[in-house]
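On the provided structure of chain A, position chain B as indicated by the hints.
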Amino acid sequence: MNFLDQIWLIPLFPLVGAVVMLLLGKRLDPQPASEVAIAPGLEHTHDDEHGHGHAHDHSHAHEAHPHDAHMHDHGHEHHHGAALRGLVSLFCPGMVLLSFLFSAGAVAQLSQTAERMHQVIQFTWLAGLPFHMADGRLATFSADWGFLLDPLSAVMILVVTGVGFLIHVYSIGYMGHEGGYYRFFGYLNLFVFFMLMLVLANNYALLFVGWEGVGLCSYLLIGFYFHKKSASDAGIKAFVVNRVGDAGFILGMLLMFAVLGTVKFVDVNQILRSGQFHAETAGFGVLSAMALLLFIGATGKSAQVPLYVWLPDAMEGPTPVSALIHAATMVTAGVYMVARSSALYQLTPQTSTIVAAVGAFTAIFAASIALVQNDIKRVLAYSTVSQLGYMFLALGVGAYWVAIFHLFTHAFFKALLFLCSGSVIHALGGEQDMRRMGALKDKIPVTHWTMWVGSIAIAGIPGFAGFFSKDEILWQAYSSKQGSNALYVIGLLTAGMTAFYMWRLMNMTFYGKSRVAPEVEAHIHESPASMTIPLSALALGSVLAGWIGTPKLWGMSGWFRGFEQWLEPAFASAAIEAAQEGAHDASTEWILMAVSVAFALIGIAVARYCYHIRPEIPGAIEARCGPIHRVLLNKWYVDEFYNFLFVDGFAKGGGRVFGAFDRNVVDGAVNGAGWLTRISSTVSIWWDTWIVDGAVRFTSFLVKLSSYPVRIVQTGRVQAYALFVVVGALAFFGYYIAR
Amino acid sequence: MGPITTTHYLALSAALLLIGTIGVLTRRNIVIILMSIELILNAVNINLIAFSHYWQNVNGQIFAIFVITDAVAEAAVGLGILIALFRNKETVLADEVDLLKW
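Protein chains in written order, with this note's numbering: chain A, 1 to 739; chain B, 1001 to 1102.
Treat the hints with care, as some may be off.
Stated by the list, open to error - A few chain A residues that face chain B, going by a derived Cβ cut-off under 7 Å, partial list only: (1) Gln714; (2) Arg717; (3) Val718; (4) Gln719; (5) Leu723; (6) Val726; (7) Ala729; (8) Ala731.
No wet-lab data here; the hints were simulated from the structure.
Source: prediction; values computed, not measured.
All residues carry an ideal CB built from backbone N, CA and C; glycine is no exception.
Chain A extracted, bound-state conformation (with noise of 0.2 Å):
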């Protein structure tokens, strides 16, 4: 089977699922009443008053605990649904797993041809009108409906469809016990399917298509939970940061079709690197625009200062969510935009300056912040953040295969955290406080181990996938052209904290003292298998993702210096220009190895002495240090910043200010005119009434008095004018005979 032609199969399986599962599986769910408070909106219907009330009571219980649903006697209610889980369990991975399989043979044969890409073009989307370029040559606004698969596509399709296939199949356990489970997996589907397009389309409109697709479910996701206040206002937030990155991302994309006249990632390259336009090192250019209007995109996408805010509220959703959504796929959407645009960056050095600062300082800053949140899945969210900001300083310095490189490893084991404290939160009946947590290594052994597989890959102890691809970045950082010694200084920092939370959030989990609720303490279990078998695998995969891309100076060759080479062929240049460094000598680089592998170990062993071995350390350094702490712990006030400038600011105050000039300009010009109205009408009246009237009546009146002489002889008696006949007569007469 020719796999690469049918590439616009792998995302439709997912919609298929999608439309399936939100147009048909309401009418097959026969939801039982606490399902109900789940979905209470979808349900209205057909359902009476009674009913409704009772839904009601459920869902404040499911408020405060969203998964304890299982551990009160919730038996009698789903055998009806039982038949329909089971369908929807099957459908919608086994939809995501054909989507994997079809990517898989679609890679291999990919890894056959000689050029290493492939195109198909299914129809022309977008057949715009002709339309005057910049530089007033004529080009057309079109953009096809095509998908492109490349190296570069070829590592996101599996990450994708491999990583988002084992959440599906643990979602399949975490969220058993929740209701509207056929939503959840539509919308789950409706992700990859948009994910899919988002890394398959050949130009950037479509590639926005699939942006704000996930944008979208992102959002649904996220207020998955709708009922619960937080959940639904996080949902909104994502949205509306998100919008503002988009606006970035429209104008850069209008900017490129005035400049280069065409979206098309193939035909974009092709201009760039045609040597038609020049590297711009001297001066801010258009093309420097472009670029950073695109980065500003990416920074709302995924989660950069200062766009950042709306992850770490993301966490509402649901955990499977969190990992999928949040962690391995769609926030690393931007720096695939941004490794995309490879070509335009390379001739862009000043922005990409801006893109690895903004880097380095979201990975610094976020980590600051992971140091001492006490949310399980907060600390995973804010470390999220923080390995954005390592891709993008790699992206900045011009080690594109490197962020692609961090990106791969990090869908692994981030997708592995997020899937193990997920399962902690599951054992613990909706426990997210890890200050209520502890003691927990023997009880749920699997989602330890794996956890602290996921804990050391991310933390860059060698071996594991994080140290291959974190350590490239920091090399990179150190040794490219772009790269500085600051930028060096500030990645090794936070791979020092990245070690350090990773290790407290270990150790306030797992190890130590329990300080579980008694109540709770009783229930605790380890995950159902469908939830125990993702982990493993993701846990293999931070185990094995790394040796793809074992560092040049460790010699090795093949397999296990493949990642780099598989990517080559996307960033042509990029390699061109990569070889030109290499100027530094191999001994630097063990060296620097082994830095960031001792502040690695460094951050280990300090959050064990502080959060194992003395455990009243971090409240003394708390004490001593309050006022710090507490700008930590508040996430350095941006969300108050931001609320006070946008929301109360720009938002409230600037509602308050156009009100102010809505009653005094606007309605004081209409009430002006209102005035002038009537003081000229006033005029008019007096004008009408005294001359026109006046003139009208005074001729009347004129009429009326010369008329009256003649009026008062007009009796109306017939016999008073017989009498003026006959006088008259007899006048004539006596005139007659005098005369």
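Chain B alone, transformed into the frame defined by chain A:
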């Protein structure tokens, strides 16, 4: 007592005219007014006949016959108007009907 001369007729005619005119001008009842108009017309007739006799010319007598005919028609029309007036105003008194003014 001498013979009846033209002068006598003219005096009678003038008297009738005077009586008729005064009747028209002073009486309120329209029936009386119509009757007074008849008196005036007959005064004219006597005048016509008297001069016809005096001049031995028959024209005057023919005129008198015309006037009588006219008087009949006028009386008929006048009484018709009177009845219509009464139906509308429920009065036959001339001074209560004063519509003929500005």
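(request) Grab the minimum C-beta distance from Ala731 (chain A) to chain B and call the hint holds if it beats 7 Å, violated otherwise. (result) 14 Å, violated
(request) Please verify that hint: Gln719 (chain A), Cβ, nearest Cβ of chain B, below 7 Å or not. (result) Gln719 (chain A) check passes; min Cβ-Cβ to chain B is 5 Å, inside 7 Å.
(request) Have a go at the Ala729 (chain A) hint: is there a Cβ in chain B nearer than 7 Å to its own Cβ? (result) Interface hint status for Ala729 (chain A): violated (9 Å vs cutoff 7 Å).
(request) Have a go at the Arg717 (chain A) hint: is there a Cβ in chain B nearer than 7 Å to its own Cβ? (result) Holds - the Cβ of Arg717 (chain A) comes within 7 Å of chain B, reaching about 5 Å at its closest.
(message) So, as I understand it, the hint says Val726 (chain A) touches chain B; can you test that by seeing if any CB pair is closer than 7 Å?
(response) 6 Å, holds
(message) Tell me if the interface restraint on Val718 (chain A) is satisfied: Cβ within less than 7 Å of some Cβ in chain B.
(response) Cβ of Val718 (chain A) sits 6 Å from chain B, so the hint holds.
(message) Let's test the interface hint: is any C-beta of chain B closer than 7 Å to that of Leu723 (chain A)?
(response) 5 Å, holds
(message) Given Gln714 (chain A) as an interface hint, is its Cβ closer than 7 Å to any Cβ of chain B?
(response) For Gln714 (chain A), the interface hint holds, since the closest Cβ of chain B sits about 4 Å away, which is under 7 Å.
Hint check: violations occur at hints 7, 8; the rest are consistent with the structure.
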